[in-house]
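Residue numbers (the UniProt record's numbering): 1 to 197.
Derived by calculation from the structure, the hints in this document are not laboratory data.
Note that CB positions come from ideal geometry on N, CA and C, so glycine has one too.
A hint or two may mislead.
Computed beta-carbon distance windows for the label pairs [what the hints assert, rightly or not]:
1. Y151 to P33: 55 to 61 Å
2. Y80 to D109: 56 to 62 Å
3. I35 to L115: 47 to 53 Å
4. L89 to E31: 52 to 58 Å
5. D161 to A132: 27 to 33 Å
6. P33 to S162: 27 to 33 Å
7. Y95 to S63: 19 to 25 Å
8. V130 to G181: 24 to 30 Å
9. E176 to W61: 18 to 24 Å
10. G141 to L93: 27 to 33 Å
11. D67 to S143: 15 to 21 Å
12. S142 to Y80: 34 to 40 Å
13. M121 to A191: 57 to 63 Å
14. D138 to V76: 20 to 26 Å
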Amino acid sequence: MKRIATPALALAAFALTAPAFAGGYSEPVVEQPVITPAPVMPVSGTDWTGGYVGATLGYGWGSDALDDADDMTYGVYGGYDYDFGDFVLGGELEYNATELENDTSDLDDLTRLKLRAGYDMGPALVYGVVGAAYANADINGSSYNDTGYVYGIGMDYAVTDSMTVGAELLQNEFDEFDDSGEDLSATTLGARVSFRF
1 MKRIATPALA LAAFALTAPA FAGGYSEPVV EQPVITPAPV MPVSGTDWTG
51 GYVGATLGYG WGSDALDDAD DMTYGVYGGY DYDFGDFVLG GELEYNATEL
101 ENDTSDLDDL TRLKLRAGYD MGPALVYGVV GAAYANADIN GSSYNDTGYV
151 YGIGMDYAVT DSMTVGAELL QNEFDEFDDS GEDLSATTLG ARVSFRF
């Protein structure tokens with residue numbers, strides 16, 4: 001009886017442990033945690049679309065007929081911008097009185113019709129300017145007026161949704177000013193405060 005019992009116990013033990021050896025050894029599977037990236041929030045930019053009015057105060061200096069002339073400039077303006085996303089396009093009409101004069105010439109005022117095109121940097125708008133300029137001036141005791149051109153650069157910064165501050169550097173050119181025999185040039189740098197609507 002001992003002879004039968006021992007092989008029977010061995011066979012039973014083998015039968016119970018055989019399934020453990022069937023597939024071979026494999027490493028236990030450790031479940032990795034799923035990492036979900038944080039949602040990317042869009043950068044909120046400023047919408048520059050809309051109209052605006054404002055005032056400017058600055059300084060100017062001249063050349064040609066206005067050689068050695070430099071003094072204050074001040075004025076008002078109004079315009080409209082359209083924001084295409086990264087690109088902003090707009091137009092502006094500006095009137096500036098000036099104190100620029102020398103011994104022979106006096107620039108009374110500048111009226112400028114400007115095209116503005118710029119890059120929307122969120123709260124800041126950096127832009128270039130091209131356009132037409134109209135000026136009244138006295139040269140050698142006679143009054144003249146003429147149309148020329150203006151170009152330059154500028155920047156606006158949104159302080160609130162309805163108020164911006166900025167600056168513009170503009171070059172105003174008048175060739176053969178109203179057949180006076182003189183060219184007239186003036187550079188203006190103005191600080192600006194705008195109210196948008």
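Hints, one by one, checked against the model:
Between Y151 and P33 the beta carbons are some 60 Å apart, a value that agrees with the proposed interval 55 to 61 Å. The hint said 56 to 62 Å for the Cβ distance between Y80 and D109, and at roughly 23 Å that hint is violated. A hinted range of 47 to 53 Å holds for the C-beta pair I35 and L115, which are about 50 Å apart. Look at L89 against E31: about 55 Å separates their beta carbons, and that is inside 52 to 58 Å.
Checked against the hint of 27 to 33 Å, the pair D161 and A132 passes, with Cβ atoms roughly 31 Å apart. At about 48 Å, the beta-carbon gap between P33 and S162 misses the expected band of 27 to 33 Å. In this structure the hint that Y95 and S63 lie 19 to 25 Å apart at CB holds, the actual value being about 22 Å. At about 27 Å, the beta-carbon gap between V130 and G181 stays in the expected band of 24 to 30 Å.
Roughly 21 Å separates the CB atoms of E176 and W61, a value that falls within the hinted 18 to 24 Å. Take G141 and L93: their Cβ atoms lie about 31 Å apart, and the range 27 to 33 Å holds. Distance hint check: the CB atoms of D67 and S143 are about 19 Å apart, consistent with the given range 15 to 21 Å. Between S142 and Y80 the Cβ separation comes to about 38 Å, which falls inside the hinted range of 34 to 40 Å.
Under the hint 57 to 63 Å, the C-beta atoms of M121 and A191, about 19 Å apart, miss the expected range. At about 23 Å, the beta-carbon gap between D138 and V76 stays in the expected band of 20 to 26 Å.
In summary, the structure is inconsistent with hints 2, 6, 13 from the numbered list given earlier, while agreeing with the others.
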